[in-house]
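Student: Chain by chain, the residues:
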Amino acid sequence: MSAEEIIKPENKVYSRPRLLDERVTHYCPGCSHGVVHRIIAELLDEMGLEDNTVAVAPVGCAVFAYNYIDVDWVEAAHGRAPAVATALKRLNPGNLVFTYQGDGDLSAIGTAETIHAANRGENIAIIFINNGIYGMTGGQMAPTTLLGMKTATTPYGRRADLNGYPLRISELLAPLDGTCYVTRQAVHTPAAVRKTKAAIRKAFQNSMEGKGTSVVEIVSTCNSGWKMSPAKSNEWMAEHMFERYPMGDLKNI
Amino acid sequence: MQEDIRLMKGNEAIAHAAIRYGADAYFGYPITPQSEVLETLEDEMPWETTGMVVLQAESEVAAINMVYGGAASGKAVMTSSSSPGVSLKQEGISYIAASELPALIVNVMRGGPGLGTIQPSQADYFQATKGGGHGDYHLIVLAPATVQEMADFVALGFDLSFKYRTPAMILADGIVGQMMEKVVLPPQRQRRTEEEVAAQCPWAVTGKHGRGHRNIVTSLEMDSPKMEENNLRFQRTYAEIAEKEVRFQEYFCDDAEYLIVAFGSVARICLKAIEDARARGIKVGLLRPITLWPFPTREIEALSRRVKGILVVELNAGQMIEDVRLAVEGRVPVRHFGRMGGMIPNPGEVLDALDTEIINPAKK
Numbered sequence: 000m001s002a003e004e005i006i007k008p009e010n011k012v013y014s015r016p017r018l019l020d021e022r023v024t025h026y027c028p029g030c031s032h033g034v035v036h037r038i039i040a041e042l043l044d045e046m047g048l049e050d051n052t053v054a055v056a057p058v059g060c061a062v063f064a065y066n067y068i069d070v071d072w073v074e075a076a077h078g079r080a081p082a083v084a085t086a087l088k089r090l091n092p093g094n095l096v097f098t099y100q101g102d103g104d105l106s107a108i109g110t111a112e113t114i115h116a117a118n119r120g121e122n123i124a125i126i127f128i129n130n131g132i133y134g135m136t137g138g139q140m141a142p143t144t145l146l147g148m149k150t151a152t153t154p155y156g157r158r159a160d161l162n163g164y165p166l167r168i169s170e171l172l173a174p175l176d177g178t179c180y181v182t183r184q185a186v187h188t189p190a191a192v193r194k195t196k197a198a199i200r201k202a203f204q205n206s207m208e209g210k211g212t213s214v215v216e217i218v219s220t221c222n223s224g225w226k227m228s229p230a231k232s233n234e235w236m237a238e239h240m241f242e243r244y245p246m247g248d249l250k251n252i
Numbered sequence: 000m001q002e003d004i005r006l007m008k009g010n011e012a013i014a015h016a017a018i019r020y021g022a023d024a025y026f027g028y029p030i031t032p033q034s035e036v037l038e039t040l041e042d043e044m045p046w047e048t049t050g051m052v053v054l055q056a057e058s059e060v061a062a063i064n065m066v067y068g069g070a071a072s073g074k075a076v077m078t079s080s081s082s083p084g085v086s087l088k089q090e091g092i093s094y095i096a097a098s099e100l101p102a103l104i105v106n107v108m109r110g111g112p113g114l115g116t117i118q119p120s121q122a123d124y125f126q127a128t129k130g131g132g133h134g135d136y137h138l139i140v141l142a143p144a145t146v147q148e149m150a151d152f153v154a155l156g157f158d159l160s161f162k163y164r165t166p167a168m169i170l171a172d173g174i175v176g177q178m179m180e181k182v183v184l185p186p187q188r189q190r191r192t193e194e195e196v197a198a199q200c201p202w203a204v205t206g207k208h209g210r211g212h213r214n215i216v217t218s219l220e221m222d223s224p225k226m227e228e229n230n231l232r233f234q235r236t237y238a239e240i241a242e243k244e245v246r247f248q249e250y251f252c253d254d255a256e257y258l259i260v261a262f263g264s265v266a267r268i269c270l271k272a273i274e275d276a277r278a279r280g281i282k283v284g285l286l287r288p289i290t291l292w293p294f295p296t297r298e299i300e301a302l303s304r305r306v307k308g309i310l311v312v313e314l315n316a317g318q319m320i321e322d323v324r325l326a327v328e329g330r331v332p333v334r335h336f337g338r339m340g341g342m343i344p345n346p347g348e349v350l351d352a353l354d355t356e357i358i359n360p361a362k363k
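Chains as they are written, first to last, in numbering that gives the first Met the number 0: chain A, 0 to 252; chain B, 0 to 363.
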């Protein structure tokens with residue numbers, strides 16, 4: 000069989016998702032955002048949600064997410080995405096409304112909006128990228144930064160006596176009556192990517208069925224901020240982050 | 000059709016007027032002296048009748064960001080608060096202005112600074128008329144003096160904000176928010192359909208629905224030449240508003256030798272003082288700005304060529320007086336009389352101030 004015979008559209012098993020724009024992203028090579036963007040773009044297409052999705056971008060590394068996934072977007076103020084999404088969903092209940100937020104946005108400055116949107120059971124999906132650091136501003140400490148972890152604002156490592164403890168926000172959200180699905184996933188292996196895709200699919204389904212707030216935390220790498228190679232970041236994440244942020248469902252009803 | 004005449008507080012009038020305008024949503028947080036807006040809306044349950052969404056948010060910050068989200072989808076969305084709460088909303092208001100979204104914000108002012116007092120004030124004039132949050136922007140600022148205007152300015156504020164795609168603010172003082180007066184409520188209008196929203200707001204994030212391209216609502220632009228162009232576009236909008244939307248009311252100005260400039264309920268106190276002055280043969284007129292931004296600069300400039308002096312009366316330490324002085328450009332004396340901290344002057348005090356500051360300054 001010649002190459003020409005093999006390279007045919009019907010034999011194609013992998014390609015750029017239709018809703019993921021053909022452009023270079025601003026993300027650092029090796030970072031987890033690209034994989035998660037791809038998963039979301041695939042799902043919006045597969046689930047037929049292209050025309051009735053409004054996504055909410057955060058302040059942080061994903062601030063430009065609206066440049067990459069071809070649906071309607073609102074760029075929220077820092078931490079306020081769940082409040083913005085609350086109004087978008089209540090005023091347009093037939094739409095899928097999801098937020099895409101990092102740990103600084105969601106679990107520091109936006110903690111109140113996160114907790115209260117989830118407690119009201121807003122029918123939104125929250126995609127939470129937890130890489131334990133502020134990437135966009137140059138690698139400062141986040142609430143989720145591990146103890147001992149060096150960042151631009153904890154140059155000698157995070158200390159509990161000075162900076163408190165790594166915040167497990169999903170564990171705060173799971174007991175709330177308004178949440179229907181809280182899960183923690185990763186995208187560092189093909190198996191993990193498949194599980195994350197299944198989790199986001201479920202979150203989107205829940206939102207469209209009006210079951211309450213769904214939260215998909217994705218423990219992620221920030222190789223630039225962590226100052227490691229992408230491969231080493233994946234190893235380091237599995238070795239250190241998963242201990243504090245264990246994989247799996249915290250709530251699934 | 001018979002008019003729908005009621006007796007109610009200014010805050011209640013705002014709530015009823017919002018429902019009757021066909022507003023799509025209200026997001027608020029309790030704070031004295033404006034909590035009746037949210038209370039009245041919850042009591043009226045408009046989601047059962049017009050479909051209007053009413054939500055008590057977890058904070059003023061969340062409420063204004065809900066307004067931002069709702070406005071981004073092309074809906075007629077509003078919030079209300081009082082001074083400290085409006086300070087909290089400023090970041091969100093700046094985003095709404097910079098994203099060129101329509102929205103209505105009500106500030107029923109109380110005395111400050113800080114936690115201050117729950118009694119009336121006009122000390123947020125600077126904040127409301129000079130932008131308030133970060134960046135170069137303006138709000139269309141309407142200053143009601145009566146409960147009727149509290150009701151009427153809901154429709155006016157929404158209409159102007161949709162016309163120019165810029166947020167409008169009703170800047171009321173606690174007096175007009177809390178006092179009860181006769182008000183003629185407007186007839187009930189239907190909320191716009193999804194098709195009407197899409198036609199009126201082609202920029203709205205409603206889901207693509209076959210539009211063929213995505214809409215993005217953002218105030219972010221990292222390319223400085225483009226960001227400057229955005230700013231120039233905002234300024235062109237503000238210039239057009241300043242040209243076309245100045246609103247004010249003149250009382251007894253035709254033969255006036257002296258002029259009082261006052262806004263909101265203070266203008267009514269001044270009107271009583273002017274009646275008393277005229278009974279004594281002193282010819283005083285009143286100019287009441289209805290839009291505080293855009294400011295009636297040209298009208299005050301014209302009057303300053305005919306009067307001997309101008310007294311600006313405000314419930315603050317002297318804020319609007321700066322805009323009056325910019326209009327007068329030193330042609331005649333412009334003096335201030337203000338009470339603060341929730342204190343309200345009576346007409347006699349205004350008359351005394353007019354006498355000592357403007358008519359007979361030598362007596363001081």
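Incorrect hints may have been included.
Computed far set for chain B versus chain A, every beta-carbon distance over 10 Å [stated by the list, open to error]:
1) D23
2) M44
3) V52
4) E57
5) K74
6) A154
7) R164
8) M179
9) V204
10) L270
11) K307
12) G340
13) G341
14) M342
Partner residues aside, some chain B positions facing chain A, computed with beta carbon under 7 Å [what the hints assert, rightly or not]:
15) S72
16) Y257
17) A326
With a straight-line cut-off of 30 Å between C-alpha atoms, the simulated DSSO-like cross-links for lysine-lysine are [said to hold, decoys possible]:
18) A/K196 with A/K231
19) A/K194 with B/K207
20) B/K307 with A/K196
Read the hints as simulated data drawn from the structure, not as lab findings.
Treat the numbers as computed from the prediction; the structure is a model and nothing was measured.
Beta carbons: idealized from backbone N, C-alpha and C, even for Gly.
Student: Does each hint fit the structure? Answer for all of them.
Tutor: Each hint tested on the structure:
{"no.": "1", "hint": "D23", "in the structure": "6 Å, violated"}
{"no.": "2", "hint": "M44", "in the structure": "15 Å, holds"}
{"no.": "3", "hint": "V52", "in the structure": "5 Å, violated"}
{"no.": "4", "hint": "E57", "in the structure": "4 Å, violated"}
{"no.": "5", "hint": "K74", "in the structure": "5 Å, violated"}
{"no.": "6", "hint": "A154", "in the structure": "20 Å, holds"}
{"no.": "7", "hint": "R164", "in the structure": "15 Å, holds"}
{"no.": "8", "hint": "M179", "in the structure": "32 Å, holds"}
{"no.": "9", "hint": "V204", "in the structure": "4 Å, violated"}
{"no.": "10", "hint": "L270", "in the structure": "41 Å, holds"}
{"no.": "11", "hint": "K307", "in the structure": "50 Å, holds"}
{"no.": "12", "hint": "G340", "in the structure": "31 Å, holds"}
{"no.": "13", "hint": "G341", "in the structure": "30 Å, holds"}
{"no.": "14", "hint": "M342", "in the structure": "35 Å, holds"}
{"no.": "15", "hint": "S72", "in the structure": "6 Å, holds"}
{"no.": "16", "hint": "Y257", "in the structure": "47 Å, violated"}
{"no.": "17", "hint": "A326", "in the structure": "35 Å, violated"}
{"no.": "18", "hint": "A/K196 with A/K231", "in the structure": "23 Å, holds"}
{"no.": "19", "hint": "A/K194 with B/K207", "in the structure": "28 Å, holds"}
{"no.": "20", "hint": "B/K307 with A/K196", "in the structure": "76 Å, violated"}
Going down the numbered hints, you'll see the structure goes against 1, 3, 4, 5, 9, 16, 17, 20, while the others check out.
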